[in-house]
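2 protein chains.
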Amino acid sequence: MQRIVLLLISMGLYSFLQAQSPKVPSLVFTDAASLELIGQAFPLKSYHRIDTTLYPDFPAAVKQLLTNSAGLVISFKTRSPRIAAKWCVTNRRQSNNMTPIVNKGLDLYIKREGKWVFAGVGRPSNVCSEYIMVENMDNSEKECLLYLPLYDEVKSLQIGVDSGYQVVRGINPFKKKVVIYGSSITQGASASRPGMAYPARLSREMGVNFINLGLSGNGKMEKEVADMLATIDADAFVLDCFANPSPEQIAQRTGYLVKAIRAKHPNAPIIIIQSVIRESGNFNQVVRERVRQQNENAYQEYQQLIKKGVKNLYLIKGDNLLGKDHEGTTDGVHPNDIGFDRMLQVIQPELTRILKPLLH
Amino acid sequence: MQRIVLLLISMGLYSFLQAQSPKVPSLVFTDAASLELIGQAFPLKSYHRIDTTLYPDFPAAVKQLLTNSAGLVISFKTRSPRIAAKWCVTNRRQSNNMTPIVNKGLDLYIKREGKWVFAGVGRPSNVCSEYIMVENMDNSEKECLLYLPLYDEVKSLQIGVDSGYQVVRGINPFKKKVVIYGSSITQGASASRPGMAYPARLSREMGVNFINLGLSGNGKMEKEVADMLATIDADAFVLDCFANPSPEQIAQRTGYLVKAIRAKHPNAPIIIIQSVIRESGNFNQVVRERVRQQNENAYQEYQQLIKKGVKNLYLIKGDNLLGKDHEGTTDGVHPNDIGFDRMLQVIQPELTRILKPLLH
Chain A
619 MQRIVLLLIS MGLYSFLQAQ SPKVPSLVFT DAASLELIGQ AFPLKSYHRI DTTLYPDFPA
679 AVKQLLTNSA GLVISFKTRS PRIAAKWCVT NRRQSNNMTP IVNKGLDLYI KREGKWVFAG
739 VGRPSNVCSE YIMVENMDNS EKECLLYLPL YDEVKSLQIG VDSGYQVVRG INPFKKKVVI
799 YGSSITQGAS ASRPGMAYPA RLSREMGVNF INLGLSGNGK MEKEVADMLA TIDADAFVLD
859 CFANPSPEQI AQRTGYLVKA IRAKHPNAPI IIIQSVIRES GNFNQVVRER VRQQNENAYQ
919 EYQQLIKKGV KNLYLIKGDN LLGKDHEGTT DGVHPNDIGF DRMLQVIQPE LTRILKPLLH
Chain B
619 MQRIVLLLIS MGLYSFLQAQ SPKVPSLVFT DAASLELIGQ AFPLKSYHRI DTTLYPDFPA
679 AVKQLLTNSA GLVISFKTRS PRIAAKWCVT NRRQSNNMTP IVNKGLDLYI KREGKWVFAG
739 VGRPSNVCSE YIMVENMDNS EKECLLYLPL YDEVKSLQIG VDSGYQVVRG INPFKKKVVI
799 YGSSITQGAS ASRPGMAYPA RLSREMGVNF INLGLSGNGK MEKEVADMLA TIDADAFVLD
859 CFANPSPEQI AQRTGYLVKA IRAKHPNAPI IIIQSVIRES GNFNQVVRER VRQQNENAYQ
919 EYQQLIKKGV KNLYLIKGDN LLGKDHEGTT DGVHPNDIGF DRMLQVIQPE LTRILKPLLH
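Residue numbers (the numbering used here), protein chains in the order written: chain A, 619 to 978; chain B, 619 to 978.
Here chain A stands alone, though its shape is the one from the complex:
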């Protein structure tokens, strides 16, 4: 009899404790392939920037870099108090001048009072990672943008929310389409996280759909790449591609690129941005002279094209893009977040002025 009483008491106690203990709901995952994907020049099923099978003549390095998900963003909505992600990238080596978060990780923004506000990151662990990016939120409906890794290829991606909540396809909140073709700096080295790449910051600040076609070390204006760029149905083209080619290549190739774009887009603004000054040239006289020559040649090409009557062509000078204190890079070449902030202070007002007719 005593045993039965004890058993009943302990059973009651167990039920009571179970009812009292805070329920941690399980996460339910949705394949991001069913959600809105922003940032591609042409719509694709994969998380590549360009379908490189269509361009067999591209240099191998260009093809490989176009599989990196720089500038790609998933748009979705949810009321879940938690948002997690499961994703897989390649086993390629981590770059030593950037964070694993920007290299292989994720970056989540949520709209609040009309502005995109940082919410959390997805920290990568291995080839495949799972991470809770934000938790303990209220359950109002939230518009979310999830930025994909800048320097790796995303093989799969799932968004996780608390069971009982849903992930709903979002919209593309950015207007028009402006291609930025360039170097590692365009691709986003060395921002601290994917949403801090300067094209991504421009999109959030200006509400414009900037397309990141930065090709680390390989933004060299090859004819095949120029021909592809010209076929993108963009409203404007930003050419931030004067850091990778030699001064001679700049002299040989800039005219072809601009004319190829102009032939297919008679009125689209084309904006040349000279290379940032390399801080590794503070004392290295060879580096300093090379950048001077690159920018000199970019300027000469711009002048020639203007003389030949190319309209709606602009040039943003490179001499003050990183400020004056020499603290704006991670490694002497690639802007850190201060460097990118200073680039925006120069570039954004110019782009706002140039793109104004498009946006009204």
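Be aware that one or more of the hints could be misleading.
The list treats identical chains as interchangeable, and a pair is accepted whether it falls inside one copy or across any two copies.
Unchecked claim - Within a straight-line C-alpha distance of at most 20 Å, the following computed EDC-like cross-link-like pairs (lysine to aspartate or glutamate) qualify:
1. 733 <-> 914
2. 942 <-> 823
3. 663 <-> 823
4. 729 <-> 943
5. 841 <-> 669
6. 704 <-> 780
Simulated from the structure, these hints should not be mistaken for laboratory data.
Given the coordinates of chain A, work out where chain B should sit on it, guided by the hints.
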């Protein structure tokens, strides 16, 4: 006879070619142990911040973190056109919220027209690395500061210059000694390179010898640590240690730490800096509330100490340290270089004002 003529011609040609080919001089390395080491609270032979064998009661994590070389700097002079380094660290895992350069690499500054100017980095490859940090310089004499890794232990370090040039011991260019005790943010997460940690930037900007005693995740004001801090012969103490302890620990421990320092340093300024607001708390309500409570308790402790008559005690508020656009962190917690820049904009004028009497 013909053979002899041919032999003489070819010998002459060989000598001629040898004289014409540009000589790449070999690198000659000097052990940095023979050079000036800046940034230690007490002079030590190793690249540790504190000799933890003297403090057996410190928590294990604190002991391990004090072996990290955050804030340590080698001062030397050379006329060599190239400066390289060979260094070894541990095989500890790379953090996913910082660059390998800041985690395990090196950062070189050179004095130009009275200012410290970024010259180059040492990119880490493995446990042991060799890297040419700058080359193609003129051969005027240069004063150099080499910042050591923020988040690893330096086992050995050698400075390399072109053969025919020398590495000469430099001086400590910074005056006085100001301890900054704190968290991972003080230690430098997530600056892009070692010289961008905020104590290092303060030293260059203010000319003051700031000592980095940031302890990632472990700046919790334990009694044993407080007692050690009080024994440092510093001219002022900055307490940036309100991000790691719980609100309760802040209430329990702040008074002891301040009084321990005051007992040994009757007149030294003691500056409390409230925790930065966590950007991960933009939507995570629990995080937001915890930081609010930490800073509330830090403020209460400060008020109590003032009431009890502690003089020369200051408080810098935490609410605007990262600006207002929520872009100042790498991961929601640790400032990126923009975040640190904004911290300096608040902290540096305050420290300049408070430390002014010491510096004249």
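Which numbered hints fail: 1 and 3
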